[in-house]
Amino acid sequence: MWNIYSLGLRPLIRTALAAAGLCLACSSQSPKEKLLDTAQTASSWIATLRMTGEQWGANSVPTSFVETTVKAARSELEQEADEAAKSQAPPEVRDPFRRIVTEARDVGKRLSQAAEENDRPEAAREVGRLAALQEQLAALQKQNGGESQ
Amino acid sequence: MKKAATLALGILTSVGGFFDVGNLATAAQAGGVFRLQLLWPLLLGTILVIFLIEMSGRFAAVTRQALPDAIRTHLGFAAWLGPFLILSLVHFLVLGAEIGGICFALHLVTGLPVPFWALPVAALTWLFLWRTSFSAIENSTSLLGLITLAFVVAAWQHRPPTSQILAGMLPTLPHHDPARYWFIAVSLLGAVITPYMLYFYSSGAVEDKWDESYIGVNRGVSVIGMGFGSLISVGAIVVAAVVLAPRGIQADDYHQAALVLTTAFPFWGFVLFAAAMGIACLGAATEVALSMAYTTAQTYGWNWGEDLDPREDARFCLVYTGAILASSLLILFGVDPLKLTLLTMAVNAAVLPFVAIPFLLLMNDRKLLKEHCNGWISNAVTLLVVVLSIVLAVVSIPLLIRGGS
Amino acid sequence: MPREKGLPDDLELARDILDQQVVDREETKMGRVDGLVLELREGRPPRIDHIEMGAVVLARRLSPRLERWVDGWRRRFGVRKVARYKAPWSAVLELTSYHLKLDVAALDTPTFDWERWLRDHVIQHIPRPLKGHGEKEEKQE
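Protein chains in written order, with this note's numbering: chain E, 2 to 150; chain F, 5 to 409; chain P, 185 to 325.
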C-alpha cells in the first residue's frame, strides 16, 4: 500500500539541517556589524518611546499604555546595553552607543513618571530628549557604515 | 433566495474572519521594516489560498465528508498519521498565538500584565464554545470581526502613493537585511495560507450540510471573501509602512504595533486597535480550537459536531477544552505573544507540503468527486503551493534557527 | 445488504472498508474500522469475518511494540474494559462511500466506554449549555 513514510524523510531532514548549519557558518558577522544590528533595534525602541510620548501628549493613548511601553522598552534597551558591554567592537563605536542606550532608559523612566503625574510640559521635554538621542544614534550608525532607515 | 443569503453571509464571515493575530503581526513587521516592498507575498498567498479553500469546500459539498475524515478513510491511517500530528502541533501553536493576542488586547486596555489574562481568556473562549452553536459562533465573531476594516479605512486616510503599492505587488530583492526580508515573506505566506483553515473550512461546510448545489456559493465565498479579507492585511501593511517605518519603528513587539492607528484616528485609534485585535483573535481562537476538535474526532471516528449537546460528543468537547487549556499555558508561562506568532507563521509555511499533498491526492480521485475533480489549473496551483512551501521550508528553517529577529 | 448506488461493484478492502467511518443504527458515529479480520476457507475465496475497533488495533498497524505500550497504558488508566471491539460482518446493515452501518446501539458497545465515562463523571457536573436541546425539539416537530 502507498505509504508516506516510504518516501524516506530522514535524508531530507539531514539535508535541511546541513543547509541550516552552512547558512549559520556563512553569516558570521564581525563584532562591529553585530553591534550595528543591535543599534538598529535600540533605535527602533527609542523611536517607539518618542512616538508614545507624543501620542500621550495628544491624548491618543492612555497613561497605562505609556507605563507598559516604557517598561517593555527599558527591558529591551537593557539587553542591548548588556550586549554592547560584552561586545568586542572598537570602543569609539561601543562607548557612545552604550551612553545613548543608558540615557534613553533614564529618559523613558522620566517620561513614564511625567505621564503618571500628568505633567505635560515635562513629558514634552522628555520627548525632545528622545528625539535628540535618536539623532545621535542615527549619526553614529551613519559614521560606521550602518544602515539607518 | 436562501443561497443568496448564504453567499452574502459567507462573504461577510470570511472577510470578518480573515484577519487574525498572524496577519496582524506579520503585516506590522513587513510594513515597519520594508514599507510596501512585501505586498507581493500577501498577493501570492491570497491567490493560492483562494484555490485551496475553494477545493476544500467543493470536496465537502460533493462528498459530504470533511477532509480529515476522507483522508483517513481513503488513504489509510498510516498515511494520515504524519499530517495529523503535524496539524495538531500547528493547531496548538496557532491557538497559543491567538490567545496571546486576546490577552495582549486586554493588556492594552487594562494595563495588567499579559500572562495575568491567560486563564481568564482561556475560560472565556471555552465558555463561548460550550454554550453556543456552530453558526452562532461563526456569524457573531466574524461579523464583529468586520471592525478590522479599520485598517483599510486608516490606510485610505493616509493615501499612500498608488505607484508604490503596485510596485510592492511585484517580487523584488531586498535592499537591506536579506535574512529578515525572507523570514517576513515566509511568515506572511504562512499567515495567509494557514493549514488549519483548509481542514476547518471543509468541516464547517459539512456542519452547514452543504451539497452539490453549494458549489457556486462556495466559489463566490472563497474568491470574494478571501479577496476582500486580504485587503485588510494590505491595509495593515500600508498603515505600518506609513506610520511606523518613517519613524524608524520596527514592530518587534505588540506595543509598537499598537501605535499604528493612533495617527489616523486620534484618541479612537488606540481603542480601535485593541478592539480589532481582541475580536479578531477571539474569533480565530474559537475556530482553531474547534478545528482541532474536528480533526481529532474525525481521525478516530468519534461523534462530532458543534451543534450537538456536549453529552452526545463528550470526547469532542474534551479535545477543544484540552487544546485551549494547553495553549493558554504558553502565555501563562510568559512566552512572548508576538515572537510565538512569528514562529508559528513560519512553521505554518514549512508544514504546508505535508498537509497539501494528501489533499491533492483526494482532489484528483475520480471515484469520489466524479465530474467535480480538480482541473489542471487547480492542480497546477496546488503543486505550486507544495513546491513553493518546500523551498520556503528550506529557507525558513535556518532563519528560524537564527531567531528570525 | 443494501448498498448506495454510487458505490462501485469492485470494493477495495483497504480503500473502501478499512478505516471507514462506523455508525450505529441511529447513525451515531462510533469509531472507525481499525482492523479487518479475514477467514480463510479451503477451496473458496477468503471472507471477511469481523471488523475490529480500538486504539490497540490501530497501534498494532504501526508496530507491535506500540501496541504493547498502548495496551499497557489502557490497562493502567483506561476505562475501556476490552481492548478490541469485534463486530461480526453479519451485523453490517449498510456500506456507503462515507459510512458503514452496524446493527448495534453505540452506547451498549465498548467503543462508547470513554464517552459514557466522560458524560457521567465530567459533563454532568458542568452547567448544561443552551444548544443541542432546542434544536432537537425542532427536529421532532
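Please note that a few of the clues may not be correct.
Partial selection, computed: residues in chain E whose CB lies under 7 Å from chain F [what the hints assert, rightly or not]:
hint, residue
1, S45
2, Q56
3, V62
4, T69
5, A73
6, S76
7, L141
In the BS3-like style, the derived pairs of lysine-lysine whose C-alpha atoms are separated by at most 25 Å in a straight line are [unchecked claim]:
hint, chain 1, residue 1, chain 2, residue 2
8, E, K72, F, K371
9, P, K285, F, K371
10, E, K35, F, K343
11, E, K33, E, K143
These are calculated hints, taken from the structure and not from any lab test.
Where is the CB? At the ideal position from N, CA and C, for every residue including glycine.
Below or equal to 25 Å on CA atoms is what counts here, so check K35/E against K343/F. 21 Å, holds
Regarding the hint that T69/E lies at the interface with chain F, is the smallest CB-CB distance below 7 Å? For T69/E, the interface hint holds, since the closest Cβ of chain F sits about 6 Å away, which is under 7 Å.
May I ask you to test the interface hint for L141/E with respect to chain F, counting a Cβ-Cβ separation under 7 Å as satisfied? Hint violated; L141/E Cβ to chain F Cβ min 14 Å, cut 7 Å.
Let me know if the C-beta of V62/E comes in closer than 7 Å to any C-beta of chain F, holds or violated. With a closest approach of 5 Å, the V62/E hint holds.
Chain F contact restraint for Q56/E - C-beta distance below 7 Å: With a minimum Cβ separation of about 5 Å from chain F (threshold 7 Å), the hint on Q56/E holds.
Report holds or violated for the interface hint on A73/E, using the least CB-CB distance to chain F and a cut-off of 7 Å. Holds, because the Cβ-Cβ distance from A73/E to chain F comes to roughly 5 Å (cut-off 7 Å).
Under the criterion of a CB-CB separation shorter than 7 Å, is S76/E in contact with chain F as hinted? 10 Å, violated
Holds or violated: S45/E as interface residue toward chain F, Cβ cutoff 7 Å? 4 Å, holds
With a cut-off of 25 Å on the C-alpha distance, tell me whether K72/E and K371/F pass. Between K72/E and K371/F the Cα gap is close to 61 Å, so the pair fails against 25 Å, i.e. violated.
Tell me if the straight-line CA distance from K33/E to K143/E falls inside 25 Å. 13 Å, holds
Tell me if the straight-line CA distance from K285/P to K371/F falls inside 25 Å. Given pair K285/P, K371/F holds - Cα atoms ~21 Å apart, limit 25 Å.
In summary, the numbered hints that this structure violates are 6, 7, 8.
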